[in-house]
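Since the structure of chain A is provided, determine the placement of chain B on it from the hints.
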Amino acid sequence: MSGYMETFYLIIVLAPLFASLIAGLFGNLVGRHGAHWVTNIGVGISTVLSLLVYKHHIIDGAADYNQSIYVWLTSGGIDFQIGFLIDKLSATMMVVVSFVSWMIHIYTIGYMQNDPGYQRFFSYISLFTFAMLMLVMSNNFLQLFFGWEAVGLVSYLLIGFWYKKESAIFANLKAFLVNRIGDFGFLLGIAAVLMYFDTLDYVEVFKNVEQHADTTITIINGEPWSLMTVICISLFIGAMGKSAQVPLHVWLPDSMEGPTPISALIHAATMVTAGIFMVSRMSPLFELSATALNFILIIGAITALSMGILGLVQNDIKRVVAYSTLSQLGYMTVALGASAYAAAMFHLVTHAFFKALLFLAAGSVIIVMHHEQDMRKMGGLFKYMPITCFTCFIGSLALIGFPGTSGFFSKDIIIEAVHYSSLPASSFAYYSVLLGVFITALYSFRLFFMTFFGKENMSREKWEKLHEAPAVVTTPLLVLAIPSLILGFFLIDPVLSGNYFGSAIYVSSENNALSIIGAEYKGIFSFITHAFLHPPVYLSFAGLFVAWLCYIKFPNLPGMIVGHIGFIYRLLVNKYGFDDFNQVFFAGGVRKIGHLLSHYGDAKLIDGLLVNGSAKSIRIFSSFIRHMQSGYLYHYAFSIIIGLLLLIAIFVHGVFY
Amino acid sequence: MILDNIPILSILIWMPILGGIWSLIIGDQQEKVVKHFSLLISLATFLFSIILYYQFDNNFLGMQFIEEFYWIESFSIKYHLGVDGIALPLIMLTSFTTVIVVLAAWEVIDEYISFYMCAFLILTGLMNGVFAALDSILFYVFWEAMLIPMFLIIGIWGGPNRVYATIKFFLYTFLGSVFMLVALLYLYSISGSFNIEDMQQTSLGLTAQKLIFIAFFLAFAVKIPMWPIHTWLPDAHVEAPTGGSVVLAAIMLKMGGYGFLRFSLPIAPDASFFFATPMILLSLIAIVYIGFVALVQEDMKKLIAYSSISHMGFVTLGFFIPFGIFASTNSLSGAVMGIEGALMQMISHGFISAAMFLCVGMMYDRLHSRMIKDYGGVINSMPYFAAFMMLFAMANSGLPGTSGFVGEFLVILSSFKLNFWIAFTAGLTLILGAAYTLWMYKRVIFGEAIKEEVSDLKDIDARESLILFLLAVVVLLFGIWPAPLFDLMHVSIQQLVEQITQSKIL
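From first to last, the protein sequence lines stand for chains A and B. Numbering (the numbering used here) for the first sequence: 1 to 657. Numbering (the numbering used here) for the second sequence: 1001 to 1506.
Bound conformation, chain B alone:
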């Protein structure tokens, strides 16, 4: 087939980047052209990610679609791309989300539209780059470059307190990643290669592993984010425009999770085992503590931001319980379930949090408020919207039949294998998650319309319905039949689990 030999990963990275630059060249004057062009690019990117999915071999062990040549030969830094079952779903998620974000901006952004589209398209390319990079320096470049468009998105189209939020966002994430760079350089000095897979094979002493783990932890735990380095996220979300929040929640948080899977666990498995208990504790704190904090938020976006942190607690929990399960039972299968559940949670949260932020965004576009107290009785004037939001609220509370259930379910099941109380604490999300989501839903959507502005609201139009419909389909599909997603992951996760359960200390 003609599609067999194309550099598909490069296309997924560079097509949106070049498309973004081109949309800037088209300029704000030709608003319609910019929008259509951006939509076209995002659709094409998504299409290529689907081709990627169809050409991906579920049973192949190792990286696929490899592209490799020298970039800076003297340091053997390569332009080296490839995906496995961990990166592929995340690339698809990224490409899908971009389509949603472009559609969501259609009638909402009226300032610097070409620049806006440019920022998001470039961001997409860079994020795909993060997931596809197999050379750690290339990874680092994409990782850091990604901050720039996000910084601009919040800084230009953000809310009134955007300067504080952007600086906090930038400093936090930048500070974290500097340590990652140091760790990468150290690993290069040991292994003589910037290739991530080589780094994973390198033997390391426990002290070195611990230091490397801490350095990576600073980069990835900030991104996910884990308690107590999470406070940048609610601020960033509140100030970011809807599209920014969507990308932030749906994809950028997942970079942290991806980093743990690609770097921390396989490069420093003994340190990961060593730090597993505190990591599990931090995850549980995130799930419960943040659940309580989410409950009392008065700002809808803040509430959903906190809910994201709580849900990400399941991701880190799923990553670190396998160490304990393997140590106590010596079986890989329980460990696999934890990590697969965590990865599923990442994907599912991408859709659900995007949907929730879009729902709030749609209300914000109409009433220009994110505060819960400014709403009440939205269902009277926006019944279709209310129905969609009900679905997403239920998915956010982890209702079976929606994708939100699958990951949490598997992580709770596998954490029970380690310890009853871990499962017990994690399981509290069943109550807390429902409480904060549905209590907000009740106050915003149900009841009599509290004021005229609310009873005069216009229900969602065709464009908005399409956006929510697409997300609803995915949320339900992966809730009812998550098997295809898991089939993608099995081989890679199995390999990962085998890697991380073997000591690297010589």
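Chain A with its partners taken away, still in its complex shape:
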């Protein structure tokens, strides 16, 4: 089996790449059908093989695979390589990435059917799948960075897919640049790793990590900083960009300008979770820096709560889901900070399914509504779109952590783990995520009720033509609903027993909150009943109830509340002012500096004063010299006499003194 496996790994990566090249370079030749067939087959192959890899590594428990494929370059005695590390962590990610991607490939056939850029779109999403698989399968930091930036590139291309739309091309530039800020930190982290470990290979680095546990590094004179803290915070800044943590979250809501399938694939299920995956992968490093873990806890908690609250005031259906994604990424980040990497990964997996489901359901609504995204113009859709409504309901239940759904298990152990964490920041994080549960339920069911229930608010002609979306759209919804509902039952046991990820994740004994939960764990049903002894379940019910009150029972209530808290409402609508601040301070400031340097530095000082200035002084000097060479004999005679007199004067002067 393992002989085949090596080939499988290669095919898993290369099949989407080739499909993407065919659809992209020969789009006109293969036509629309050719493009969707070739990419669907490519990603389908990856999915099937990924499932086999999953079985091989997780169910059969095969040994980890760690091999380089080729040497990218050698410099200064260090081999930079491209290679794969396939263990339980990467095998899990491979299935999530390829499976969700495949569903989105199918969905796209229906969603984009009238778009002139059909082939281009398929080419991009297959290219994305390739890049994301390269990222998760990597066995070294270099390839990780390659995948990291490559998914950023495809995200950029896809957010700006409708390149005529001014808002889309603004959003994609913003997304790329904000991500680059994160990547900048990430790169410094990689440089630090290389400097102290002399290799970028994960396994080699992890092997020697203990040696550097107490190494310090001087960044500001006289202040020794822990090397591990510097590395971990640098790497985490990269994760903050990609996984959209405050304050680098600003690009994600705007990324909704792209077509909905990619919002589901890239900006919910896979790419934005790259940061979570990366930190889990680096757990042996992060475990050595309590400072970094505290930092992560705080950032994650702020994101989880503050972004969830913003979801409450959005009226664009996709933006509600986008803020929900931000908030859920915050939950995963909090789990990382609490050293519950397995819980973060668990939530990553369940979230990938139910959030992709929610986005695709929203997309289904959007196409049926002819690209209307404002929920205030929807309502009562359950009658016309029963499948979409039903699957969206399942997705929402999973999102709010309704007992028994997949999201329930993963979110519950995150909250518990934070509860048991002994880090100073953990109590702040604990109350943030608790409150977040209420908020999550409120915005989720606000969306659900506003869209599918209540009065039909659309125009009459639209309303008469409403119908369920085509089968290529609803099939992925139904397929994704299954894991959203039941995945938790299968994963909770191995995750809590600590066997699931095995040696792929390392947790030091003093941080091991998950093992406390694991020790108390006595089977799934007792876990569910046990949950009723804790606040999260009640908070989520409360949120659901308030949503019902506000949007079904008393639809005028939200308006009245807004009337009373006008200032807070405005603050929320303005997204706490992050965008305005960035626009004025960073975008404006950078341009101002540029103008200043260009105008005063280059034009006035260097060119004006030094270059042309010296040219000018040469001209003045030479015109003086030129006037002396007049050609008139008496001028020369005069100068000779004057010169002679001067010389005599100096000579006489010298003699007498």
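A hint or two may mislead.
Claimed, not checked - With the C-beta cut set under 10 Å, the calculated list includes, among others, these residues of chain B facing chain A: (1) I1011; (2) M1337; (3) M1390; (4) K1417; (5) L1438; (6) Y1441.
Hints are computed from structural coordinates only; laboratory data are not their basis. For each residue, glycine too, the CB sits at the ideal point set by N, CA and C.
For chain B alone, coordinates are given in the frame of chain A:
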């Protein structure tokens, strides 16, 4: 093999020069013949550079393909050629670029075509001469002679303000190289030889080294160019025809870098160490300051010119961090990575800047404007062009998987070994480079077509596609698999690093 004993370096120098003269003899009347003949010569030159690559021995220490005989015997000035792993990639880059430039001129230049081709072919020969010369006077002759065709190219086929630009270009570079000549004559008086390798072996006191370093600095730093003696470059680029910009950015800037590696560092290692800190500071200023300046340019060619200066900052940074790394860690390997990264950056920038200038040139041929505000929504009428330019814009922003990433990556990695803040400052290019390149791309390519002229643009034809395709292949190839290029360099760079880390003061 029959190819074993041919004077291949002489062929690489004199074939394009003679070919250039011959194309002038053919004359403008036979336009087609001139074009085909020039293409043939450029292809043949490129072919010979490939033969050179295949016959080159990666593991051989020292110069290869040596040709040596007396030119002016009384001063022991020799016609002495040879290449190592530093010069070889640059010769290949030069020969490749010439093919691109000839193709790019095909339907664009309609005045004095034979003269145009002649100027570029002669320029190619002279540039190959600069990289192959091992005698410093021969080097100097090629170095100065190269200015003449470039001067003519900008002066004849250039834009409206070409006179100012050519004079600025000429004065700047000429002034710099005069000091180099003085340094070379001084070195001759000490070592008794004009042989560059002999000069590298000569012991020198620190004061002498400092003066020599400053003299070389004036010649090479102008060429690269380093801040604050860079302002000739944007002017020259803006006025130069596309082909001129391509050669200027792709190769002539690299002469400065090559000069540092061949002369400044090995001849005056102690002075290089002494001046390393200010050199690093100037490089960082180039990277950041120029990045900001590039951001606000309204002229696309100016923007790319500034972007070149910023990218060249990585080259000089990579050259001078090794001194600090060696002093603090005593290990050669970190130093090797810095210099190899810098050399890679030179090669890669050759392709990427050429591609960017060609892209702007292709738009200029259609709309006769270089200003960003005259465009907008080009993608609607030129989708294939937009796709190519996207790739090059990403390469210019240093995206992994393109050659633009490799050099910057290695230089940042090795500068971290010296000091966190150097890596931090250099790393800002990740943000700035993406900002100025992609912001320009957004304004020019994306959006609705802003006017009828833009929506009526014709997409690139087969010739233009071929040019961009060739460059795209190289940019991707060296991004995905740069190892072959590094294998060429290792032995020579290792030797260089050993040389420069040993004091020459007796």
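Going down the list of hints, with the structure as the test:
| no. | hint | verdict |
| --- | --- | --- |
| 1 | I1011 | violated, 31 Å |
| 2 | M1337 | holds, 3 Å |
| 3 | M1390 | holds, 8 Å |
| 4 | K1417 | holds, 5 Å |
| 5 | L1438 | holds, 6 Å |
| 6 | Y1441 | holds, 9 Å |
Checked against the numbered hints above, the structure breaks only hint 1 and satisfies the rest.
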